[in-house]
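K.L.:
Sequence:
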Amino acid sequence: MNDSKSDVEKSLEDSLTGVEKIHISDDPNDRFEVASIDCVQRRLKQRHVQMIAIAGTLGTGLFLGSGQALSGAGPLGALIAYTLIGSVAYSSLCAIGEMTSLAPISGTFPHFAARWVDPALGFALGWNYYYSNIMGVPVEISGAQILITYWDSNPNHAGIYIAVICVCVSAINIFGVQYFAEAEFFFSLIKITMITGLILLGVILDIEPGNGPNGGRLGFHYWKNPGVFNGSGLEPKHLNLDRFLGVVSVLVQAAFSYQSMELVAVAASETQNPRRNIAKAVRRVFYRIFIFYILGLLITGLLVPYNDPSLLHTSGTAADSPYVLAMTRAGIKILPGIINAGIMTSAFSASNSFLFCASRVLYGLALRGQAPRIFARCTKNGLPIVAVLCSAAPSFLALMSVSNGAETIFTWFVSLTTVGGFFGWASMNLTYLFFYRGLKAQGIDRKKLYYWSSLQPYLSIWGFTWCTILILINGFEVFWNFTAAKFITSYINLPIFFSLFMFWKITKKTKVRKPAEMDFVTGIPPPEETESPEVPPRNFGEKVAAFLF
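The numbering of the sequence shown is this note's numbering, which starts it at 850 and goes up by one.
Among the hints, a few may not be true.
Claimed, not checked - Quick list of in silico lysine-lysine cross-link-like pairs, PhoX-like style, CA-CA up to 25 angstroms:
hint, residue 1, residue 2
1, K894, K1129
2, K1129, K1296
3, K1296, K1354
4, K1360, K1289
5, K894, K1229
6, K1073, K1086
Stated by the list, open to error - Estimated spans, in silico, between C-beta atoms of each pair:
hint, residue 1, residue 2, range
7, T1356, L1321, 22 to 30 angstroms
8, T932, I1310, 13 to 21 angstroms
9, F1035, F1347, 38 to 46 angstroms
Derived by calculation from the structure, the hints in this document are not laboratory data. The beta carbon of each residue, even a glycine, is placed where N, CA and C say it ideally should be.
Sequences and hints are given; from them, build the entire structure.
P.N.:
If you want it as structure tokens, here you go:
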């Protein structure tokens, strides 16, 4: 293989010709050039990135949350909610994917917001994303412990299990990115195998004669009886409104299932050939959403009626899964335990990913002076050890879930995680709209980047609009049965986010970036520094690996 540059690399360089002449801020707060102190190393391989992208977000939100979604909105209502949120998640990933294809650097989208929108937005977004992720770690660890009760329901053992899981999650991240990558690769294989198997089994159970109420095929029977929509119960006298509110009530649940889809972009600065690999990962995300989420939820709605009493009694284990309910009715006894084990690894994987994201965002903030410099310290192997240790410490807050008195506080963690994700997605799409304007104003052809979407900027307008709506309506139920605790839990993120924004805006006297003055060069490595020549597959095994990863 010769060392000549690819056509993409050449065209990208051509598109950036003359960009050096634009205004580059001399403000000491604009720390764009951090190569001298950015010590992370590119250790994530192509198979790691692709597998994380394919299955990184498959977790308890899909395997168990689908049952709650089904009971809350009915089969078609849940399908609409998951499809809508899937489109919002897709818009966010397309936006961050295109920006990352230009700048695969530490700090990722919080830094993009600071660089191309306003440093105050970058500060608020970075810290919002950080605390929403560190709160996600104990939430998922607590979920993993609840799944263990499927085999051991002794409440005296809960604290021990939580402590062990906390240590294991922390250790994987402390050992280094290569251990994190291998763990996520393994967990992703389990999740893909399980969701694929459940979908195929669901199809078999649905079309197999004898499973229907009259001995025939089940088919779409439950779409006819009890129906395709379920109401929220908030407006029982107004049936259509109540059904609409049922769909709205599932939106937040659906969003929790999709969160952390942006993990591949967060890991860009530690990825080999980041522009090429992340572009490939983003292009495949549409099929991942359709196959695993939409098709999976469609099959779920065929197997169990939304008014099944078993869906209303949540245990937090695989017993809540509609697939397990269908298996139990079909007389399949051994698979539920195996599924519970698989879902438990998903919860462990999710906590692992949340910790990784939190530590890397904190590291990126520290590099550019928006967090204490100590968090930018790395080991000789490129691990931001101080950021990892600081981010790992809150994982032990999962022990609060053992105490009944701490349950209220623990629900705040869940709200911070979910609504914080909405702020993250909204900011990604808003940043992209500024990024798009800046490229256009400076005559840079974005179609010469490694990844670009033909649906932009309309896709980001769609995503930003819906994220704004979701932030405002996520706690809508409180207005039918108002309690101060529920209201604060639902909307506490609003004052936190805007307080962070105003704090940095006022203290640093930041300004909104003008399109003609946006910096698309400083601190961004050119393609020849990040992309090695692509070696074509040489045999059948390598061709299969290239297709899969």
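K.L.:
If a hint holds in the structure, say so; if it doesn't, say that too.
P.N.:
Structure-based check of all given hints:
1. K894 to K1129: Holds, at about 13 angstroms.
2. K1129 to K1296: With a Cα-Cα distance of about 15 angstroms, the restraint between K1129 and K1296 holds, given a limit of 25 angstroms.
3. K1296 to K1354: Violated. K1296 to K1354 sits at ~34 angstroms, over the 25 angstroms cutoff.
4. K1360 to K1289: Roughly 20 angstroms separates the two Cα atoms, so the pair holds.
5. K894 to K1229: Within the cut-off at roughly 20 angstroms; holds.
6. K1073 to K1086: Judged against 25 angstroms, a Cα distance of about 22 angstroms means the pair holds.
7. T1356 to L1321: 22 to 30 angstroms: 28 angstroms, holds
8. T932 to I1310: 13 to 21 angstroms: Holds: the Cβ-Cβ distance is about 18 angstroms, inside 13 to 21 angstroms.
9. F1035 to F1347: 38 to 46 angstroms: 41 angstroms, holds
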